[in-house]
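Listed below, chain by chain, are the residues.
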Amino acid sequence: MVRMRVALSGLITCALLIGATPVQGHHSFAMFDQGAQVTLVGTVASFEWTNPHAYIFVDVPDGSTTKHWTIELGSTSILQRGGWKFNTLKKGDKVTAVINPLRNGDAGGLLSRITLPDGRALGNGGPPPAAGAPARGAAPGGAAPGGTAPQR
Amino acid sequence: MRIARMQTRIAVLTAASVLTVIATQNEPLAQAAPNMTGSWAPMQGGRGGDPKTAPPAATPLVLKAEYKAKYDKQRAADAEATKRGEPPASAAVLCNPYGMPRMLSVASYPIEILQTPGQVTIITEAFSEVRRVYMDQPQQPIDEVPPGYYGHSVGRWEKDTLVVDTVGIKESVPGYQNMPHSDRMRITERIRMVTPDVLHIQLTIDDPVVLEKPVTFTYGYRKMPGYKMVEFVCENNREYIDAEGKVRMRLGAGPAK
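So the sequence lines, in the order shown, correspond to chains Z and S.
Per this note's numbering, residue 1 is the first one in the first sequence, and the count goes up by one each step.
Per this note's numbering, residue 1001 is the first one in the second sequence, and the count goes up by one each step.
Any given hint might turn out to be false.
[Claimed, not checked] Okay, the calculated beta carbon distance ranges per label pair:
#1 S:Lys1083 / Z:Lys94: 35 to 45 angstroms
#2 S:Asp1050 / Z:Ala130: 50 to 60 angstroms
#3 S:Thr1195 / Z:Gly92: 48 to 58 angstroms
#4 Z:Gly105 / S:Glu1171: 51 to 61 angstroms
#5 S:Pro1060 / Z:Arg120: 20 to 30 angstroms
#6 Z:Thr65 / S:Thr1121: 51 to 61 angstroms
#7 S:Arg1075 / Z:Asp118: 40 to 50 angstroms
#8 S:Thr1204 / Z:Lys67: 47 to 57 angstroms
#9 S:Asp1242 / Z:Lys90: 25 to 35 angstroms
#10 S:Pro1255 / Z:Arg120: 25 to 35 angstroms
#11 S:Thr1037 / Z:Gly92: 38 to 48 angstroms
#12 Z:Lys94 / S:Val1233: 54 to 64 angstroms
#13 Z:Gly105 / S:Arg1075: 27 to 37 angstroms
Hints listed in this document are in silico derivations from the structure and should not be mistaken for laboratory results.
Just so we're clear, the structure is a prediction, and the values are computed from it rather than from any experiment.
Heads up, the beta-carbon is just placed ideally off N, CA and C, and yes, glycines get one too.
So here's chain S without its partners, still in its complex pose (with noise of 0.2 angstroms):
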């Protein structure tokens, strides 16, 4: 008896998982997802955007004490460095790309997104970074993902928003505003079109090590209708940091000597 019943509940639960795969599989995807599809110019701190759809404001960035006072000091000294007129000898200086999530937000240049059955795939126009999100599947462990500039993203959609889990960020990869990070650090992305020609993309950074708690913040992008990405390779960096730990720039046309 208790047997039968149990066979009955099994094919119920059989019939209507299979039902929801038939009814996901059949589900058009168009339809499903607002188009992102483009190029999208960056709104820096909301400049030439109207302020109505102007990206919130950050949260404050909180690190543990352990990691505070070097940031702090860090920080201090690039500065003064720089006053001094001497640039921080940073890996930017040797152009290595920026990785997540830096590599959302340089300077003026474009993003491209491209929506594909199961991926979503986000383009830079800077250092042509490339990172892809596997939509509707379940995030890895972070200690089975190889670290790396972009790690290993998935997406899924909630209503209108396009929400992506990252991680698998190399430590050495410079974070938001220079924070450190550790091999734990999780960003979560809220991607959405507030209006048919500007896109937000807010990012949470959680990294239990690192951080006290979680930051938020939020890069605001315009449409760039009919935008053909330019491409960059960084063929011809000229900047070198030198014996005394000083940046330079290498002079005379052709490749280096």
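Next up, chain Z with everything else stripped away, as it sits in the complex (with noise of 0.2 angstroms):
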């Protein structure tokens, strides 16, 4: 089941303007809807710990069928000084991620937040936002492949 809750108000909105920096790294992420959420509840297929960022796919049961999701990571450097590891995640691991989803509808999005099998929960390098917290950007020092690089 994909349980899709897509904000886009106008508190979010102030939220953006007043409390977030875009995320930036080795490219632009405006390709992400940084102001809308979608929360995948599914099984990892696979995870590639690989640069300039790391994917998670996960698979979502869509009615009768399973719908495939690619969720971006940061770079494995900054995700390693966010508590991630090469091994966290494996084939089979039940999962539920917040995404920030791609803007052209495609089944891909940024990763804001991650629970783990274990009950522990992660970022996407920084910290993790709390539990239900409203789409707000990126924390600095998060997203891939690491907080502002204001020569961008």
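Both chains are sitting in their own frames, so use the hints and assemble them into the complex.
Spelled out as structure tokens, the structure:
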């Protein structure tokens, strides 16, 4: 089942303006809608611990079929400093991932928070946003490949 | 008589030169230079740092009129595209390394400095970029340096400051604040530990073709004792520029098919 919580309210827009540093890294993250969130409850199909980004592939039941989601994370350096390891996830793990979805509607997004099978929550390099927290861009020092890059 | 005096003068000068060379060779390197070896975390905009050791503000970037109009237009277009949710289709999407000088300030990625006899090496964590600074050598003429991402760097110590001169940066390597630059660009760095834990790299970019006047800016870093640099190979870049020039993300596990 896919639980979608798309938040595009004025409140969120304000939060974006006043609270969050737009995520930047080796490229712009404008393709992700950082004012929106999608919550995915599914099973890890694979986990790629790579650069410039790590990726989680999650199979999410969608009616009688399964939808395959591609979730982008930060780089391994940034993730490592945020508590991740190369073996944090493995095939078959049941996870709940909150993502900022791709604007074009494809089944992909940028990780905001993930809850692991053991109940631990991780963010995208920075500390995980609180469960149920509204979309607010990404935490400074968080998503890929890490915080703001002022010269970009 | 005159010839004899000249011979004496030459002999004295030669002896002095030999003594200087001997003195230089015997000078213990470790005592002459501060020890900057280790990993350093950037303090972006002074974030996380003591205000007393925060880097000073940059001087204004002043481009010559013929470059300014195009530069301003591109900056505005990129900002508009980003607002529309369309990332600018830049070299960054292709996962190219940064090159000089931007490699020195990539988000929160550390840099590592290694001091060895005759050379200072600067390695960045993002993209594993490497610069080699050759100590106490004359700089090569710009036209003799093959244009590249890091150019040719020579350095010398001025008391506690490592002064580095770099030329030969390829014009396609994006410049400071995305400024355009010519093959005449020269970068002068003054690298200094302002405290045992804080390093400043002051950069001055001079480009007589593009800039009205040199621009100077400073990056601050905090020491990361014991930190082990993480490898960074751009092997899984899923961003690409489609036929319409828009940035997209490749979906699905595994390598591109």
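Hints, one by one, checked against the model:
no.	hint	in the structure
1	S:Lys1083 / Z:Lys94: 35 to 45 angstroms	holds, 38 angstroms
2	S:Asp1050 / Z:Ala130: 50 to 60 angstroms	violated, 30 angstroms
3	S:Thr1195 / Z:Gly92: 48 to 58 angstroms	holds, 50 angstroms
4	Z:Gly105 / S:Glu1171: 51 to 61 angstroms	violated, 39 angstroms
5	S:Pro1060 / Z:Arg120: 20 to 30 angstroms	violated, 47 angstroms
6	Z:Thr65 / S:Thr1121: 51 to 61 angstroms	holds, 54 angstroms
7	S:Arg1075 / Z:Asp118: 40 to 50 angstroms	holds, 46 angstroms
8	S:Thr1204 / Z:Lys67: 47 to 57 angstroms	holds, 53 angstroms
9	S:Asp1242 / Z:Lys90: 25 to 35 angstroms	holds, 33 angstroms
10	S:Pro1255 / Z:Arg120: 25 to 35 angstroms	holds, 30 angstroms
11	S:Thr1037 / Z:Gly92: 38 to 48 angstroms	holds, 45 angstroms
12	Z:Lys94 / S:Val1233: 54 to 64 angstroms	violated, 31 angstroms
13	Z:Gly105 / S:Arg1075: 27 to 37 angstroms	holds, 29 angstroms
The structure is inconsistent with the numbered hints 2, 4, 5, 12, although it conforms to all the rest.
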